[in-house]
Structure formats: structure tokens, C-alpha cells
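Sequential numbering from 1 applies to the sequence shown in the UniProt record's numbering.
Among the hints, erroneous ones may be present.
[What the hints assert, rightly or not] In the DSS-like style, the derived pairs of lysine-lysine whose C-alpha atoms are separated by at most 25 Å in a straight line are:
#: 1; residue 1: Lys72; residue 2: Lys119
#: 2; residue 1: Lys72; residue 2: Lys97
#: 3; residue 1: Lys91; residue 2: Lys43
#: 4; residue 1: Lys145; residue 2: Lys116
#: 5; residue 1: Lys120; residue 2: Lys72
#: 6; residue 1: Lys119; residue 2: Lys145
[As the list claims (entries may be wrong)] Label-pair ranges, simulated between beta-carbon atoms:
#: 7; residue 1: Leu7; residue 2: Gly122; range: 54 to 64 Å
#: 8; residue 1: Ala94; residue 2: Ala48; range: 52 to 62 Å
#: 9; residue 1: Ala66; residue 2: Ala94; range: 49 to 59 Å
No lab work stands behind these hints, which were simulated from the structure alone. Here a beta-carbon is modelled for each residue, glycine too, at the ideal position from N, C-alpha and C.
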Amino acid sequence: MNFDELLAFAGRNQFNMILSMALVGLTVAIAYTEIARLFRGYKPLRPAELTRLINTENALVVDLSASNDFEKGHIASSRNVLPSSFDPENKLLAQAKSLPVVLVCRNGQASAGAAKRLKKAGFEQVYWLDGGVAAWQQADLPLVKGR
């Protein structure tokens with residue numbers, strides 16, 4: 001097959017070529033995302049994994065929920081820090097640089113971003129609760145009400 005025949009084939013099968021290129025592009029994007037996730041330095045946890053960390057490694061659990069949401073229900077022993085005042089140099093956090101620190105929010109979105117900030121600030125063991133308090137409740141784990 002020479003170059004002219006290849007161009008003719010591509011012209012006749014242009015739609016298939018576009019689909020093939022799209023598939024290659026999506027494959028590359030997914031591979032890049034997964035590789036980047038492996039090397040980012042902070043990890044998502046499931047509720048059962050968080051329970052193990054709390055019970056065996058004295059993990060600090062930081063809940064980034066609004067105060068009224070925190071009072072409606074939070075994980076036992078978690079500390080409430082408002083997202084607007086979240087700072088890796090916070091006295092509570094600075095004392096736990098070598099301990100496991102787990103960030104929690106209502107749905108897992110704000111905690112993932114905060115985990116990235118802690119890792120950049122030099123924290124060694126950083127986690128976030130994948131799915132947040134909603135995932136904790138879905139796993140039928142208890143919440144504590146009040147402060």
C-alpha cells in the first residue's frame with residue numbers, strides 16, 4: 001500500500017478515523033489521570049479504612065463542614081475547621097505533621113482539595129474520606145450530634 005492509497009482509504013473512512021482518534025485521545029487522558037492520581041501523595045479512604053486508621057493509628061480527623069452541618073452529625077473525635085479558616089499552619093494541624101490526617105466534608109469534594117494543600121505543606125500521611133460524611137452514613141456508621 002503506498003501513500004496515495006492510504007490517503008484514499010482515509011478519505012473513504014474518515015468517520016472511522018475520527019472515532020479511532022477520539023478513542024486514542026480518551027485512552028491517553030484516562031491513563032494520565034490514573035498515573036497522576038498514584039503520585040499525588042494523598043489517598044482517598046473508604047469509611048471502613050477510616051475506622052481502622054482512627055482505632056489503630058490515632059488519626060486526626062478534620063471535618064471541613066459548616067458549623068451547623070457539623071453539629072447535625074459528625075464522625076466521633078473529629079475536629080471542625082471551617083474551609084474559610086483552613087490553613088496547614090493551623091496549631092491543631094501543625095502538631096500532627098507526622099500523624100495520619102484525614103480530611104472530611106459532606107460529600108468528599110472540599111476535603112480532596114484540602115488534602116492537596118496539606119501534602120504540599122509537608123504533611124506525611126494525608127487522606128480524605130471519599131464520598132465524605134454521606135459515604136460514612138451510607139456505610140451505616142454512627143455520627144455524633146452537637147459539638
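So, going through the hints one by one against the coordinates:
1. Among the hinted pairs, lysine 72 with lysine 119 is inconsistent with the structure: their alpha-carbon atoms are about 29 Å apart, more than 25 Å.
2. For a cut-off of 25 Å, the pair hint linking lysine 72 to lysine 97 is broken: about 29 Å separates their Cα positions.
3. Between lysine 91 and lysine 43, the direct Cα distance comes to roughly 23 Å. Compliance with the 25 Å bound is thereby established for this hinted pair.
4. Proximity of lysine 145 to lysine 116 is assessed by CA-CA distance (about 28 Å); at most 25 Å being required, the pair is judged violated.
5. Distance hint between lysine 120 and lysine 72 is unfulfilled; the C-alpha atoms sit about 31 Å from each other, more than 25 Å.
6. The hinted pair formed by lysine 119 and lysine 145 fails the criterion: a straight-line CA distance of about 30 Å is larger than 25 Å.
7. In this structure the hint that leucine 7 and glycine 122 lie 54 to 64 Å apart at CB holds, the actual value being about 56 Å.
8. Between alanine 94 and alanine 48 the Cβ separation comes to about 29 Å, which falls outside the hinted range of 52 to 62 Å.
9. In this structure the hint that alanine 66 and alanine 94 lie 49 to 59 Å apart at CB is violated, the actual value being about 23 Å.
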